[in-house]
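Chemist: Here's the letter readout for the chains.
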Amino acid sequence: MIHYETIYIASPDADERKLVEINDKISELIKNHKGKVDTWDDWGNRILGYTIGGHESGHYVRVEYQTETSAVREIERSLQLRDDVLKQLTIRIEKEK
Amino acid sequence: MTFQKNRGRRRACRFCADASIQIDYKNKKLLEYYITERAKIVPRRNTGTCHKHQRYLTMAIKRARQIAIIPYSAPMF
Chain A
1 MIHYETIYIA SPDADERKLV EINDKISELI KNHKGKVDTW DDWGNRILGY TIGGHESGHY
61 VRVEYQTETS AVREIERSLQ LRDDVLKQLT IRIEKEK
Chain B
101 MTFQKNRGRR RACRFCADAS IQIDYKNKKL LEYYITERAK IVPRRNTGTC HKHQRYLTMA
161 IKRARQIAII PYSAPMF
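From first to last, the protein sequence lines are chains A and B. Count the first sequence with our numbering and you get residues 1 to 97, in order. Count the second sequence with our numbering and you get residues 101 to 177, in order.
This is chain B alone, in the form it adopts within the complex:
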């Protein structure tokens, strides 16, 4: 998944807009959206996530890596 910079209009934070989405390190599908193909964490300037939720996301991604739900890195082809 690639993120395009949205010039002019600011993207709203997905988690602020919809409070029902819980950031959980066990939710593989959600976290995969916020990591690149090389398994790096996508910066918030690209995703539009607010500071608070980016912090929670980072924490969740790092926990998920520890328990092998998502990889630390992906091999380069």
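Next comes chain A alone, as it looks inside the complex:
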């Protein structure tokens, strides 16, 4: 199992229901690959460093999880297909021993 961290920026007009929908999809994909979610971190609305698709701000959500590599590809793809996700970034975290 490898530790990963995904941050996605949801559109500022996305309501609570849509965010829950995205989060459910992510946790479902992780579960399907026998992974485990470590932390959910909601940063709320933040001003972006630059405009994305005309938006000045966005809703940041960070997920920390451990899973197989195959799940990451599917999570990235499912986020990419959504209109209400402006941007996403997945990185591998080195756990200190």
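Calculated directly from the structure, the hints in this document are not laboratory data. Keep in mind that the hints are not guaranteed to be accurate.
Facing chain A, according to a computed beta carbon distance under 7 Å, are these residues of chain B, among others [said to hold, decoys possible]:
id : residue
1  : His-151
2  : Ile-169
3  : Pro-171
In silico PhoX-like links for lysine-lysine, alpha-carbon gap of 20 Å or less [claimed, not checked]:
id : chain 1 : residue 1 : chain 2 : residue 2
4  : A       : Lys-87    : B       : Lys-128
5  : B       : Lys-140   : B       : Lys-126
6  : B       : Lys-140   : B       : Lys-129
7  : B       : Lys-162   : B       : Lys-152
8  : B       : Lys-152   : A       : Lys-95
9  : B       : Lys-162   : B       : Lys-126
10 : B       : Lys-140   : B       : Lys-128
11 : A       : Lys-25    : A       : Lys-87
12 : A       : Lys-87    : B       : Lys-152
13 : B       : Lys-162   : B       : Lys-140
14 : B       : Lys-126   : A       : Lys-95
15 : A       : Lys-87    : B       : Lys-126
16 : A       : Lys-87    : A       : Lys-36
17 : A       : Lys-18    : A       : Lys-87
18 : B       : Lys-128   : B       : Lys-162
Counterexamples of contact, computed for chain B against chain A with all Cβ distances above 12 Å [claimed, not checked]:
id : residue
19 : Ala-112
20 : Cys-113
21 : Phe-115
22 : Cys-116
23 : Asp-118
24 : Arg-144
25 : Arg-145
26 : Asn-146
27 : Thr-147
28 : Cys-150
29 : Thr-158
30 : Ala-168
We put the beta carbon where it would ideally sit given N, CA and C, even for glycine.
For chain A, the structure is supplied; the task is to place chain B on it using the hints.
Modeler: Structure of chain B alone, referenced to chain A:
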């Protein structure tokens, strides 16, 4: 923030001096200190950062740019 070249005495690397500071791409406040007003990365000859930590900083700044925490460039006025 501007950096003056300190002639004569070498500036110590901030991250070597204080090991409790973690270089993290999510830490906007820390990264902003190491970019210029035009959002360029400040060279280590100006900040005194050691080679190892400058590499980590560069990586963190580039990641932060990707996820729009800090800008790629700032407009010229």
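Chemist: So which hints don't hold here, by number, going up?
Modeler: 1, 12, 16, 30
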